[in-house]
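Visitor: Take the two lone chains and join them into the complex the hints point to.
First to last, the protein sequences are chains A and B.
Using this note's numbering, read the first sequence as starting at 1 and increasing by one per residue.
Using this note's numbering, read the second sequence as starting at 1001 and increasing by one per residue.
Honestly, I wouldn't trust all of these hints.
The calculated lysine-lysine pairs, modelled on BS3-like cross-linking and capped at a C-alpha distance of 27 Å, are [what the hints assert, rightly or not]:
#, chain 1, residue 1, chain 2, residue 2
1, B, K1282, A, K6
2, A, K134, B, K1282
3, B, K1002, A, K6
4, B, K1002, A, K83
5, A, K83, A, K6
6, A, K83, B, K1282
Quick caveat, the hints were computed from the structure, so don't treat them as lab data.
In case you want the letters, here they are:
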Amino acid sequence: MPEQKKTHRVLIGKPGLDGHDRGAKFLARALRDAGFEVVYTGIRRTPEEIAAAAVQEDVSAVGLSLLSGAHMSLFPAVVQALKNAGAGDIPVLGGGIIPDEDIDLLKEAGISEVYTPGTPVEKIIAAFRSACEKQEARRT
Amino acid sequence: MKSEDILRGLRDRDPRGIARAISLVEENDPLADEILSSLDDALVAEAMILGITGPPGAGKSTLTDRVIAKYRLKGKRVGVIAVDPSSPISGGALLGDRVRMMGHALDKDVVVRSMATRGRLGGLCAAAGAAMRILASSGCSVIIIETVGVGQSEMDIIRIADITALVLAPGLGDDIQAMKAGLLEVADILIVNKADCPGAEALAMDMESIAREGGSKEKDRAKVCMTVASEGKGIDELLAAIETVDASHRESGERRTRREKAYDLEVLEWALEMIKPSIIEKINTWNHDRKGAPRLQAAKLLGRECVRISE
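Extracted from the complex, chain B is given alone in its bound form (with noise of 0.2 Å):
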């Protein structure tokens, strides 16, 4: 495909032109600008976005399908980033997520790509953010971003989703951890899926209190919702949740301050990377002793002034 054509077929919406954009930005092609300075700023910020995290088998990427199938019914054009681990390895990644997915592989209003980490130790793929925009630009008015399975403090997701919500089981472990700080300080929603297990209901209990601790008024604190996403139960609560705090974080202005933060965070992260290879060579050819803490010789080789500005 050349270059024309995958800008076409972005604007067009076809699935090839679509997926081709993707993998470019992803390789940090030298069509990536092109790509990224095309697409529609309009459509990116209306989109909403999903950010769906939580451990390893709480049940993220079912959940995902029966969200998606909701979207669907109410006529929303559906975007899918599904992020799975590189091997810290070979660099090779198994991504498995779309099994869950299939049924809705012949809907072509339903976009999903799945990603692999690369190295990425955050929940997220770097380019999570571009693939995002892309898939926005294409018309996806609803993007739900599926992070890794996750511990305590994959914080990636809070950053470029406007509403995360959180994925627990019963089974995974004892309320301390549910006392931790991390991720259930920040989550918006608090799911509670498998809710027909054993333990679901002092897990609920347990994220009820967590809620409580958010805020005295009501609007403040994360929601909780108990949901059995392989028979779909619950789905609809959760859809009228996420529906609730959109419509709260438009009113109050949190959406907007968190796309802010979130572009100024991500403008820091492009920064950091352009200039890491520069850092990099210069390591790699500056001839140090390696005596005493790392940190002081970063200082040494950056000079002066850049300590300065970092502290």
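Isolated chain A, as found in the complex (with noise of 0.2 Å):
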């Protein structure tokens, strides 16, 4: 039997208001055939909900999806609240409808990937994959 390989847990959620769930729900599924465990908290929550399930399920990286354009207050508001739930090293990732000018500013107030449409699937598993496993070599 050969050695088992650790197996990678995330967060996919959807903060706000914006109840179009198809990209994270495409997102969970490939995630899922690629081998991750993924916890899916569904449309509509807030930063503080999502934060708080991502320290209760132990998730080594937290995915949002949004279409809405809140992304500029609600992405780095669920940083804020990971850092308010002593999680602030959980590392986040996010994707949607997002102008090229908004993603610098996202990446300084801590999103420390953000993909828009178009970006092959294979790229954003990789970066989930790569954010987990230095998220899981910190923690250890």
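Guide: Now the structure itself:
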């Protein structure tokens, strides 16, 4: 029996009032098919709810999806909520309809990666894998 | 987080400490033994473990959400272990039970943990017992374990839970399904959820007749409850049924008997788990001819005395 590789746990969530969850669900399934355990928290969650779930589920990364345009307030709010919950070390990745000029600002605000429509899913999966590996190495 | 931090977090009921502890045990980390030996046995002994099982789509998660709310009104700290299946192909899992329970996300006294089966077939994950103990030790006096959507024979839950509730809903099968052997015979409470849907009365009657076969005495029979979890209907009656069963199990000694059996079974499972690698090693290095029945090969592999013990 081969040495079992560690299973990465991630959370996929949608903060705020945007109910368009095709992207989030697509990514959740893609991550599942790539061997991740994906905690899906559904639509219309507050940043605090997402942070609390990320802590209880002990995930190695959080992925946020937003198509409403509120990413500049909601993505950093999740980062802050994680800090408040004592879990500021958990990396946050974001995706959705995000104008190019916002991407750098989001990264400055602590979002580790930002992806826009058309990004190959393999690239996003690789980013999650690398974020998880880094986080798990840091944690232990 | 360092090991002292995790152990301290566990003692202080810090959400991160509890969550890390469950992960480390699930991953068989070297720290797992230390975590497990630091647990509060008295709290584990006193907690009520409620198993909620049933076919996919019957309403287990929604019902769990409602039951959590009721126990919170009673001031209980509630732990939830929600199990979903791992993909046999990728090993990944989509853990979605939490979606129905997000109303409790900010309540510090509701600890929800989603877990994947990771290849186990009985409806739970191998670390469910350990996760249950960690939650109990962190002060959860009610622990709800929600199984994967089960068929007829995923029985893991009845071993680990003090009380098992089987959730059914109309429209999922005819009365022949209900006559089959399996979970129906062993559940303490039979819940007909979606009781506002056509066919619910008939299903409840079938369940009542199955319950009657359980014994001539009222207290030996499974309780039948009708609920509409999405609207919160019938949950008070369900809690009353849970309390009746719990009180009767405590009084009759059934609770203790079940705990003892569950304990021994878990010891057995871990023992088998621990000797498995050496057997796999033997099979991989053993130059056998792969002829005849595998059962006979296994006996040869283990040697005669092992066979005599197993028979």
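Visitor: Which numbered hints does this structure break?
Guide: 2, 6
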